[in-house]
Amino acid sequence: MRFRGVASWAISLFRRYLQVRAVFSTVVITGIALTIVGGFLSYSIGGGLFSTRQAQVLAESERAVVEVQNTFAASSVSNEVALQTLMNTIVPSIESTGTTNSRRVALIRSPGQATGQVLQSPISADLDTKVIPANLRVKVRASAGKLLYQSISLPVAGNEHPGIVVGAPIQIPLAGNYEFYLVFDLNSEQQTLDFVQRTLFFGGLILLFMIGAISFFVTDWLVRPVRLAAEVSEQLSEGALDRRLPERGEDIIAILARSFNKMAQSLQSQITQLASLSKMQQRFVSDVSHELRTPLTTIKLAGDMIFAGRDTLSPPVKRSAELMHDQIERFEALLNDLLEISRYDAGAVIADLEMQDLNGVVGMAIAGIEPLAMSKGSEILIEIPQGPVDAEMDSRRIERLLRNLLANAIEHGEGKPIRVAVGVSESAVAVTVTDEGVGMTRAEVDRVFDRFWRADPARKRTTGGTGLGLAISLEDTHLHDGWLQVWAKPNEGASFRLTLPRRKGMIFTQSPLPLPPKKSKKRSDA
Amino acid sequence: MSHKILVVDDDNALREMVGIVLESEGFEVAFHDAGSGALDKFNAEVPDLVLLDVMLPGKTGIEVCREIRAVSGTPIIMLTAKTESDDVVLGLEAGADDYVVKPFDPGVLTARIRARLRPLAGSSAEGTVKIGPLTLDIEGHEVRRGSEKISLTPLEFSLLLALAQKPNLVFSRAMLLEKVWGYRHNDDTRLVNVHVQRLRSKIEDDPDNPKIVTTVRGVGYKAGQG
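If you read the sequences in order, they're chains A and B.
So the first sequence is numbered by our numbering: it starts at 1 and just counts up by one.
So the second sequence is numbered by our numbering: it starts at 527 and just counts up by one.
Only chain B is shown next, with the shape it has when bound in the complex (with noise of 0.2 Å):
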């Protein structure tokens, strides 16, 4: 089963070749060329990832992004052709699981792709993985707090996942890099960072004073408390 790419930008070149890298890659592609309307495009083609441009005529990508994340959790990955931490850290906040700079490489971006779209790491296991008050139902891709269930994208399950079968294990931000984003050799901590941020604002009491997924100053993150 081919997955189905939104790939929303407005530049026709650029979009259009995005389209013949994918496709030659065996995904089905759909396109959307505004910020305006990307969403109901969304709704109307279901797609298993959307590859964002940030800057769009009538709505921004942030602002897509941030609309796409209110119903949904599928993937998004930014295209951005800024490196400034602004961009990209917006982008990040608003929901998205990923980035890419132009100009990329058609490698990198089918890797990245890829990434997004395997099954979760340690998906593999059964049953359920509790931490702190959290229940993680892998298979159902559920957390919940005693009955209430918690929205987390994927990749945020994963995140949590990968910290919660390990409890108390320091995960440096290259590790977790490696074992949610599929990256080797990567050190963008933004990444990261901006996700355990996401992560704790949804299942932490006082995201300011996490007890869930901690800091190890100097080290990384853990799940559970030191």
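Next comes chain A alone, as it looks inside the complex (with noise of 0.2 Å):
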């Protein structure tokens, strides 16, 4: 377990940073460079080492040979006992001889001889003859008197020594034939072996070391602009326009700063023009309502002094005070939602959210609506759950909402019956607003929530709204984090639900109500 956690730390590091995996990559590949100069630099000196001493070797084993035989050749001994203190005493000439004394002697005589041994080999001290490959002995005594090497491994205090058996045929008058042994323990040169590898080993690991590091600092020091970058980046998107990058020097980084800053300059001053713009633009609709309030005033009072002195006016100016009267409420009416929108545009709405019965909204603003339903002979159905549908909203909001829902379905509506349905859920709550008049089609569907849109520009307007209506309910659902959805059909009649959720934050992925509505022909008195 704890082991897997490592791993998975170790690959989440390695796919979240470059410098991580750069130095990784480094490390392994010069590892994997070392370990093949490293093997090849220990075959090429080993093999440098043992040659060098292979030949030194043979020369003075030549020597040797050519000594002993000489000795043998030109002495006039003529007994047996004088024969055997000769030889006694080459051996150990022959051992202390040479470049090095790690070697060992030995005359060895002959098997197979008609003549039987008369002597004694001299043999050195701490040579144990069996360290001679009985194959080299067969081949020595075939040689005819040519010199002849084996590698054998040397056992010297229990340890294994490498070694070179050389050996030659040797002629002893009265004795017959012998074979000469020269075995010389090699292990200073393996210790000198031992130790280069053992010092390119280490070497090797410190280099490495060193390289990892190396690589870590460089990849740093490439890499920390670059992070720079993306963390600037990563500010800029987030909203920060005024970050920049440092720029110094004139290399590939400098240029990379010097243009991600160039980026960001004109990124920010676009955005600034941008929103200075759409600032302006606000501004300009929300002063010129404030602007045009005063004058409305005016007009208002007047309009209202003359309506009420109506009676008294010829019939034509009579009727021109009472448009005007209409018309003035209906510029009130713009004007009000003109600023409403503006306030939604600046973002200077926030929503006085309460606990309330939806079903005392749903019924404050029918109440509020019908003497306009009545007046167009559209009757209105409720359906409603029993006892409170508690949620969280702006009561005052979802109530205009609402009116103006049905004010739009009054309008189209035809006449024919309204259905207004309250359902709920666990985490949200939803109105449906139905009617059975003119519908839309798809495309008016989707522009049905745009400013001063209008169905059918040719159709008489007859309830005189302001063309911001649906683009304020919209705004208003969103500030309840709801849904404000429509279906509609031509000729067969539109559907508007709005869903809100019971409290503030609450998730929901369904609404209570279908879309579109099922057909139900419960009726239910209003």
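The set of hints was computed from the structure by calculation and includes no laboratory data.
The beta-carbon is built from N, C-alpha and C at its ideal position, and this holds for glycine as well.
Mixed in with the good hints there might be a few duds.
To be verified - Simulated restraints on C-beta separations:
id	chain 1	residue 1	chain 2	residue 2	range
1	A	R442	B	M701	51 to 59 Å
2	B	E704	A	N491	27 to 35 Å
3	A	K376	B	G563	53 to 61 Å
Dock chain to chain to rebuild the complex, using the hints, since each chain is given by itself in its own frame.
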């Protein structure tokens, strides 16, 4: 478990950090290269040491063999005792000559001779003749005076040392055929080689570590500006438009920083320009609406004065006074809607959320619109669940929104009944307002929330909406984190569904009511 | 006896029109067209009520309101073009009794004016009412803490009196709006909240920790402690 944790941590580190990847790759590749180079060095040093030593060994052996052969050939010993003495002096003398004293000597009588053995074979004290391989002895006997050698493993004080055995046949007068062997211990060469290999190994390790460290610092040095650029662009994307990279030097990083900063600068100026344009636009709408209010007040007061005294006027003037009075009210509604939308555009709207009974709010909205419905002959049918339907909402806005939907339904409902349904679930509440009027086409549905958009410009306007009602309704819905959806079909009618979370921040994935609403003919009296 | 109303507005047409409406309703009207000099005009005319535009040249309506409040408790109604909280609350905090948002109906304007001019609620009673350390003299429109007289505007007096006459009864904001301001079907809670704050700043020892007019969370206000 623990290992797996560490492994996954390492993998995530590897994935996340370019630098970790770069250092890791460098170390691995360098490690492979060092292993190859070290292997080659070790092999060629070992080979060189061995061949040098071997040449030396053979040369020494040649001399020794010649010396021994000559000694025997030149001697004029005539009895066996004198010969034995001569032999016994030869071995130590050969042992102690040469470059190293690490050699041992053996003078062994070849087996299978007719004459009996009359002399003791002189052998170095610490040499076991078993180390001389049998096949070498066979070859030496058949070699007709040539020097033969073989690599062997030499047991010395419990350790195995590498060694070389060199052998040659020797003729000894009175005594017959002998084999002369020189055994060389190559331990010092082996030690030299071991030392060289150890040095190479540790040197390689240190080099590897240093290359790792160097690549870490170099990549860090290269990655740091990139990382900084990443951080700064992250901050830029989060809206800190005045963040910039430091520009130093003339290298590629400096070029990156300069062009990055140039990009950020142009982004900032464009965004600022757009923001100020949009702010100016909003200010303009807001200011115009405010500036219109004072003259409108005067007009309204004057209009009301005239309207109140209309009975004293001649019929055409009286009718004019009535029309003016109505249109002043419409003008005022339009101005209020403009102000409201400009407040939304400026982001200056804050919801005044309170627990409310949605049934009650729906009832208030219907009560407010009832006179208009009556005048159009539209019956409003209500289908609401038992008991209070609690939800957190800004009831003033939701009531206005519902009044808007109802007014729309009445205007396009052609006097047919309008159905209002309320639904509730664990996390959401919903209201649908459905008419059976002219309906809308697909393309019209897509534009229904656009400002000042009218479904059919040629159609006679009767209820005098401002053209901003649904746009404001949609903003009101968004303020509550809710949905405002519409379904419509030409000549079948339209249905608007408002879905709100029951509490602020509650997540809902489904509205408690279907859209389009099911064709229920169940009637309940309003 | 007709009441005299001072209309302070820089828009000539509106000022004249308001004058026509008010005169047709039987009020006597005086005019001023700027923020500067408004206080002098007020002192010269001694009106029963002031209609004050928020946006004025020279001095803002808020400043003028504060100046008048410093010398008098005469009812002030602000005329505001903005419904944003800031303007309304600033005006109320400066001492305005009420506000009307442009464009307004003549009916609404005269109703608000009459509500501010009619005899104070509960003032038909006689004698004194005691609440906490305060004594309210209903006929004299005076509030005393011991022998020290506290200066309240008629509206503040009316608010305190409404609460004090029914100690420990919790008044909702809508109830206070109806009783003190004379409104029905109005849920403008800012009007009540700001005036309760102003009242507290005058009568409480520690307005942040009120003892006389206390808040009942989620319901409203009452006189006396829980």
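Here is what the structure says about each hint:
no.: 1; hint: R442/A to M701/B: 51 to 59 Å; verdict: holds, 52 Å
no.: 2; hint: E704/B to N491/A: 27 to 35 Å; verdict: violated, 50 Å
no.: 3; hint: K376/A to G563/B: 53 to 61 Å; verdict: holds, 54 Å
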